[in-house]
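Use these hints to put chains B and C onto chain A, whose structure you have.
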Amino acid sequence: MTEAEAAISAASRASPRNWRLAGCLVGGALVVAAGPFILDTYSVNILIRGFLYALVALTVDILWGYTGILTFGQAAYFGIGAYATALIFTHVGFEPATILLAVGLALGVPALAGLVVGWLSFYPGSTPLYASVISLAFPIVVTQVIFSGGTFSGSSSGLVGYEAFDLSIEAWFWIVGAALLLAAGAAYAFVKSEMALLLVAIRDNEMRCAYLGIDAPRVKILLTAALATVAGFAGFGYANFSGVVAPEIAGFVFGTELVIYVALGGRGTLLGPLIGTVVIDAASSYLSGDLPYVWQLIVGLVFIVVIVALPNGLTPLLGRLWHAISGQHDRQRRAAPVLESQSMKAAPTTATLEIFGVSKSFGSLKVLEDITLSIVDGELVSLVGPNGAGKTTLMRCISDGRERSSGTVRVNGEDIGGLPPNRVVRLGLGRKFQTAGVFESLTVAECLRIAGTLRDKPSPRRPLHVLRLPEAARAVVETTGLVDSLLRQARLLSHGQKQALELAMVLALEPKIVLLDEPTAGLTNLERRQIGGILRELASRHRLAVILVEHDLDFVREISSRVVVLHQGRIVLDGAVEAVVGSKLIRDIYAGSGHG
Amino acid sequence: MHRDLLIATVIALFGLVSVGAALGETPIKIGVPVGLSGANSVVAPSVVQSAELAVEEINKAGGVLGRNLALEVADDGSGAAGAQKAFDSLVFQKKVDVLISMETSAARNAGLPIVQRGKTPFIYTSFYEGRSCNPYMYVNAWVPEQQVPPIVDQFMAANNAKSFFLIGSDYAFGRGMLQFTRAYIEKKGGKVVGEEYLPMDGTDWTPIISKLRASGADALITSTAGGAPNVTLTKQLRAAGVTMPYGNLAVDEGTAKSMGGDAAGIFISASYVTSIDAPANAKFLAAMKAKFGDELKTPNDLSVPEYEAVYAYKAAVEKAGSTKVDGVIKSLADVAVDGPRGTIKMNKERHAPLTMYLGQVGADGGVKVIKAFKDVDPGDQCPNLK
Amino acid sequence: MSLLLDVVTTAGVLFAVAMGLLVVFGVLKIINFAHGALLTLGAYAALVTTKLGISAWLAWPLAFVSGGALGLVVERLIVRPLYARPLDAILATWGLGIVISQVITLCFGREVQFARSPLSGTIAILGDTYSVYRLALLGVSMALGLLFAALIEGTRLGLSARAVIMNEDLARGLGIDTRRVRLLTFMIGCGLAALAGALITPLSSVDPNMGVPWLINAFMLVMVAGASFLSLALASLILGGAQVIVSTFVSPILGGMTIVLLAAVVLRLRPAGFGRD
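Same order as they appear, the protein sequences are chains A, B and C.
Per the working numbering, the very first residue in the first sequence carries number 2; after that it's consecutive.
Per the working numbering, the very first residue in the second sequence carries number 6; after that it's consecutive.
Per the working numbering, the very first residue in the third sequence carries number 9; after that it's consecutive.
Hints are computed from structural coordinates only; laboratory data are not their basis.
In this text, a Cβ means the ideal position worked out from N, Cα and C, and glycines have one as well.
Possibly wrong hints are sitting among the right ones.
[Stated by the list, open to error] Derived lysine-lysine pairs resembling BS3-like cross-links, with alpha carbons at most 27 Å apart: (1) C:59 x B:262; (2) B:99 x B:262; (3) B:124 x B:376; (4) C:59 x B:302; (5) B:216 x B:193; (6) B:302 x B:324; (7) C:59 x B:294; (8) B:34 x B:335; (9) B:379 x B:34; (10) B:296 x C:59; (11) B:335 x B:124; (12) B:376 x B:350.
[Stated by the list, open to error] Covered stretches of chain B, as calculated for chain A (at least 3 residues, CB under 8 Å): (13) 174 to 181; (14) 201 to 210.
[To be verified] Distance windows between CB atoms, simulated: (15) C:63 x B:220: 51 to 61 Å; (16) B:121 x A:113: 34 to 44 Å; (17) C:93 x A:588: 41 to 51 Å; (18) C:65 x B:219: 32 to 42 Å; (19) C:93 x A:287: 26 to 36 Å; (20) B:121 x A:287: 18 to 28 Å; (21) B:219 x A:310: 14 to 24 Å.
So here's chain A without its partners, still in its complex pose (with noise of 0.2 Å):
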């Protein structure tokens, strides 16, 4: 098998994908170059802002096509990068020095009010409305700093005539046009790579990812301060070349024309809201001088009309259009990634989970009740009970640190404390959810891919190549037979494929211990059996320690070491399988009959 894949894996760096990609820059370079010489110069000049607009308008697809963060605030970065760029040549000077620190500014004025939007927008909890909110509330708060600037930042005049760099039209235009075809590039090789895998994983599912060790929040910030800084750098070349800055630049009405170019050329296609920008933008120039309000029209209604029917924009339409023309087909065959086996170096053999007085009150409303209980590596924990007695919530509050109201959990002799999941995980525990926490979006390959994000972080520049996993969560693949559906999207799996997948994705992590929340909920007889010697191999081969939250008792009279029993929110019997399995008790609690 490692053979085949490998020779597989090389075919895949030299796939048509590459060439079509490099075919598109290549082509791009031809038009850039070429232009000056066909164009006349206003239209020159009209693709030069074009091209700029262009830049941001990539960075808000990468936020809002590929992470899910409606942003109108690019608008704001780019502004700030503009005025940081006249305001040092108009009151400073132009010279080596200063052209220096104009950049320095334009870059990292940005970079930092990225990352205070960011803290301010993404933090646990915290709403996509939200942050939406954030994202419209800083252009209107930056436009007003610039007016209040009076004659320093010339507030409604703007800055005019200051020195700034003096070259000819075709030298901006090759300039820019070659920034922005690097972008283009940079940004395509971002998206391709496992980083842009992390983001989509993010959008898909954040609580999933918090419960994988992934710092959701922390990712999105520094994302945003990224992007930043590579608007004010499109805002440094625009002070530039314009001459001018006015704060119409930095003004959120500005952010939702970018919006919209992105949602009209096709948001998450790249190549779509780069095109969309500039033809647009050309329109606009072109038009709105002999029908200004019929073009502002008809691109509003277009908007409408593609919001509503057509999230995917027009561009994937025309790609679609073109593609039953020429009769070409859709998917090549792509290469699996290679699976690779891979454990941490020298873990810990030992897992403990102790659990002193935990109690979890809603108000007035007692869940848990003083649960005290201990489970070491090696044993198989089943968590019996019927509905409402609790079981859920404190799987809950043994994987979140701010969710139990009194008591102590330690994991793996490290007080949780009141630590947030994704740093629980960190200290050895797993967690698999009642229902299957995968990411639609991505593929199997690349779900696994994210779930080892805590031992092997994502590359920003490589796609996924190589999967490596850990044994456990490798023979779970192999034995499930996922290993046959590496390419095939989360979202196409069955029940019990998706079950077999989460699985497998908390296993990625190498966790000592994992709770697994109705493990075979929907599941056939074949995958009950398989995911029941599974469970027995977790815990007797690679030494974890399993809990698991179960309804049906034969599978728990099956598999499990041992049997906690939880009823009204307290424990009321932790034995052997038999002795608690057998018992009056418990055939008196499920039959309702139980005292409370």
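What follows is chains B and C alone, placed relative to chain A:
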């Protein structure tokens, strides 16, 4: 069959175009970037009307050097961003021979680099804060040296005003005018007790008006962008019951008329009022009424210079013998134009001495002239551009 | 004293403007970004009454009805399909706002125009002279707020609306025609937006883009207020008051961003804003 039809149509069109081209020489294009939207949109229509009348009259009389004049109007949004687009479009796309227009200072400043790059003559027809200089620009409207002293002197003499409150729009014009006003007031022994600004498009003057009332000033002088800010400020001032002497450095007769009774009592200082008693003015007003009828927007201090500037350009082209830039630029300083404002020559460092009128707005919106000052010098505006 | 009046009258204006947005957000759970354009629509309705020479008071019902009529069309075509996609609803309604502005510009021209006020002059109050219209506006806002509070509490539609606000699936399961409730609520929200536009025109001017700054402030107020009129009134008073104070004592320009900034901070510290959790 279709292909033949297509060829035939193309040939026919080609023929039409050639015939059309042969019939008349290409017209001389006058670019008019003006604030059709935004703050200036209240006055822009009157500016366009002035330009249209001038072009019509000149074409009827045989054009300039045998060629007709044509207007290209573009919207500059009353601001810097819009002006860039408008100037770019007029200079590089429509390739106009000259730009003649009234604009906010923000728009003008943003357009000048493009004028420079495109080497296009530019006659700026709007009053402004002074000291804007460009090798390609001439100005035929007033600057603070000509306009401010009459108002301040009036308040100090007739109303015994010692303390003044200044309100403006926050951009080059507002700040520049009030800077000059403050210096003049202090030179004459008065005091400025408050100076407040709102951005050009701001509409809520409430906190500033509250500050005004608390300041105990004797008189108010304002310099907002021409058009909408004047109206909102005045409306809100009157709604708050402010009745102190009020000098408005930036309002024109047309805007005052549209304010209804609210404008009554405002003092203005202008180079044009409709009540100027001169044959040239009467002829001009009659021609405007005849051409536009009910659609006529009151000619005012921002629109009449536009009319005169078109004639100035005609004279300069005829003197230079062609529309080539260098000749036109040189000739513009030498030609004198007789218009509704009298005889005007832009021979003082690209600016023009003007007759100024101190007036007060009446209840019907019309302006009553109190004093006239003949041929007031604009001072040293562009010492490097003799 | 006039500072106090400035604060309450400003709060009154903000409340009137934000009411329509709150009604829509509370029941339909979407943000109607066409709110600014609807405001503009109502303002132009007031302009039409000025141009036709009829009584300026008629501007108010005219505005309300035109807003409601537009709301009927919009809900069916744009809002209903996007019910499950709130962020996309923001975008689609923003596009709608652009379309409305452009149509207004095509019909009325893009220049700034002015509408007549039904009331003018000043009145002596609490030892100071103050604008009659601003005080009247405060009264109208309070009356509207009380009217709608009464509607919500006292009518069947109001009851149904409250049920939908709390738990739409349950409401539907209980037999409430949630589609009709959403449609009527959206129409009322749009009507209120247009009415607010007619109310504010005498204070300033009318142009095709006048609604945008109001949209942002109204949006932030609604985010902070949650779903009740009372918390909206509170938010208008506190944030509006802050705006007036900053404008008066620091700078009118910084005052312009006070509401936005304060609202963002409040939401960060207490995601429920002024409302109950």
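Structure-inconsistent hints, enumerated in ascending order:
2, 3, 6, 9, 15, 21
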